[in-house]
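Colleague: Chains as they are written, first to last, in UniProt numbering: chain Y, 1 to 361; chain S, 1 to 416.
Hints in this document: simulated from the structure, not taken from any laboratory.
The calculated label-pair distances, taken between Cβ atoms and stated as ranges, are: (1) Y/Ala247 / S/Gly209: 51 to 59 Å; (2) S/Lys93 / Y/Gly278: 19 to 27 Å; (3) S/Arg87 / Y/Pro57: 29 to 37 Å; (4) Y/Ile98 / S/Ser80: 48 to 56 Å; (5) Y/Asp335 / S/Glu413: 26 to 34 Å; (6) S/Glu413 / Y/Glu58: 28 to 36 Å; (7) Y/Lys31 / S/Pro194: 54 to 62 Å.
Keep in mind that this is a model prediction, so the values were computed, not measured. No residue lacks a Cβ here, since even glycine has one placed at the ideal position from N, Cα and C.
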Amino acid sequence: MKALILVGGFGTRLRPLTLSVPKPLVDFANKPMILHQIEALKAIGVTEVVLAINYQPEIMLNFLKEFEKKLDIKITCSQETEPLGTAGPLALARDKLIDGSGEPFFVLNSDVISEYPLKEMIDFHKGHGGEASIMVTKVDEPSKYGVVVMEETTGKVEKFVEKPKIFVGNKINAGIYLLNPSVLDRIELRPTSIEKEVFPMIAGENKLYAMVLPGFWMDIGQPKDYITGLRLYLDSLRKKSSAELEAGSNIVGNVLVDESAVIGQGCLIGPDVAIGPGCIIESGVRLSRCTIMRGVRIKKHACISSSIIGWHSTVGRWARVENMTILGEDVHLGDEVYSNGGVVLPHKEIKSSILKPEIVM
Amino acid sequence: MESSDQEKAVAVIMVGGPTKGTRFRPLSFNTPKPLFPLAGQPMVHHPISACKRLPNLAHIFLIGFYEEREFALYVSSISSELKVPVRYLKEDKPHGSAGGLYYFRNIIMEDNPSHVFLLNCDVCCSFPLTEMLEAHKRYGGMGTVLVIKVSAESANQFGELVADTITNELLHYTEKPETFVSDLINCGVYIFTPDVFTAIQEVSTHREGQANIRHLSSFETLQSPTRALPVDFIRLDQDILSPFAGKKQLYTYETMDFWEQIKTPGMSVKCSGLYLAQFRLTSPHLLAAGDGTKSATIVGDVYVHPSAKVHPTAKIGPSVSISANVRVGAGVRLISCIILDDVEVQENAVVINSIVGWKSSIGKWSRVQADGDYNAKLGITILGEAVTVEDEVVVINSIVLPNKTLNLSVQDEIIL
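Work the whole structure out from these sequences, hints included.
Modeller: Okay, structure coming up:
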């Protein structure tokens, strides 16, 4: 079985992190974002994953060789030479997705984190016999997104409404699709939107069905949602395999710590914290609702909340970091510095406090 | 008596490196700062051309931390264009401004030059090297420093010098002092005779001796307020100019022309303008001309690359530089800006006090502008590589990182 992951462009909303690596390789819960999806696909028997990219293929290809070996799954790239929108890349990868078996293929959006109930989706798709299935998820503020209006019992999709002004429904496109190969016949090799052009066409023929995603869903393409997404992910991990989470007198709530990380005495870690490989958390440190990426050193008595600390950075003694502070790769926050929402680009030293949210280039 | 034919000169241009390059973001994401164009030519080209005007110039060396491949193309093309060997030397680690010169002394002295010119790449000035050399020969010292008078208030951002008004000897030098010392500052352009290498060697040996003494008294080391510097890290200002001042070894030459440091992207607009104004005097054929009939209306000093296409109804200038393959549409107005390669400026757009990055697109009737305060963080609007400003959008006093599309107006913002 095959799958396509829409990786897309420059990941500008996740800057400064994406100034150092392409977005799919940004770590989430101590694993490159795209690895979460590739593992979920592998688990239900997908044998080949195609990545639709338009940026930095060389860096991606190196990592992919590593994953290919480790996971024993074939990974290839399909590179756009001009932006093809959300449906065009499928046409571009046509030859890789169709193998004559007639089996449907998955399409995933690389920014999405969820529980990936892909087996259930296959059963759903076979059950309704339509041409395409999409996952939808319930949200509180549907007018921020594109709403999928569907029949509640069968899941048959009636129409899509982009950013509706009045309430038409509270289910939005979750960015996970299971499509029959015939869908590719509807997509031309040009910039095309799957939501605005392709799906409405299929829905019009009563062949598009939506399944409500059980469990959490988050588009982690921007820092605020990345932090919320970690909370949801760790919550889900607590239910499924709580042994992976950290336990101890210095741990509060859900905390994920890589085995090679070191945590000192007198720390209080959590809730909703992920600490990456090779990190050194010195004594007396307080961490909550934050991600500490690979190779970071947090010095004594520092206090970090609601922030992301990028690879190989350091946070000084008694520093206080909060309110959506994002430190890029190799950023060094001096002792006693306060950062309130500072967004710092890679390779910087911060010696004075950032009192209100600011971008430091 | 040696004839002047025997007196060879070499030039060393310090180009810096990526560790110091964060101030030049977002432009430095795409190009090393020394290769960023000012008045249509890479920044480092201006001191290089000035050196080329010297008689008996044997070699030009660029010293920096950038990877060799970043300069390989430029160095080979400029060598054949100017018919003088230009070579890039990569420092493996920081040696300080004088240490770098010392580290490569064998290569620098290969041609047996009688004079070594040392220039900083991020200095924008008229580089009066020939006159400075004549003065240096008259003084007969080890080195001559190019100096300029600035306002008393701004002097403390630089190295301040006191010079004897009659002999022009350098009497006193201090780097960024807290109190007022002098309104004469160090321009970052020097001429040395080869004995400067001996002087640097002395400093290095002395420091080694000091380090050994400190070694014996560890208590002293704890008390010392300054970190001990490695023996091969020699700063030109503090370690050579300061101690040798007042010993009849160092002299000054004052320039009355313009001088600026190109530390931030905003300053590159100002410096591009200064070089364009200089072209008016030294090479007016490089500047564009037009009155709106067959070609666009040109006001003031403007450079347009031969491959760029500018619509005759556009009005360009003053102080505008347009790079290769740029397309400027009908009715466009450009003032005080740098338009980089492959940019498309569509009809009736206005760009003022800005830098438009490579391959960007400026929409119809859109307006990209800034106050023009070169020292303010957002005083010049900068669009990184491949930024699209959609039709009728206004961008004021902002910095936009590469690959962004602006479909809403923004003001006073950094867009990541």
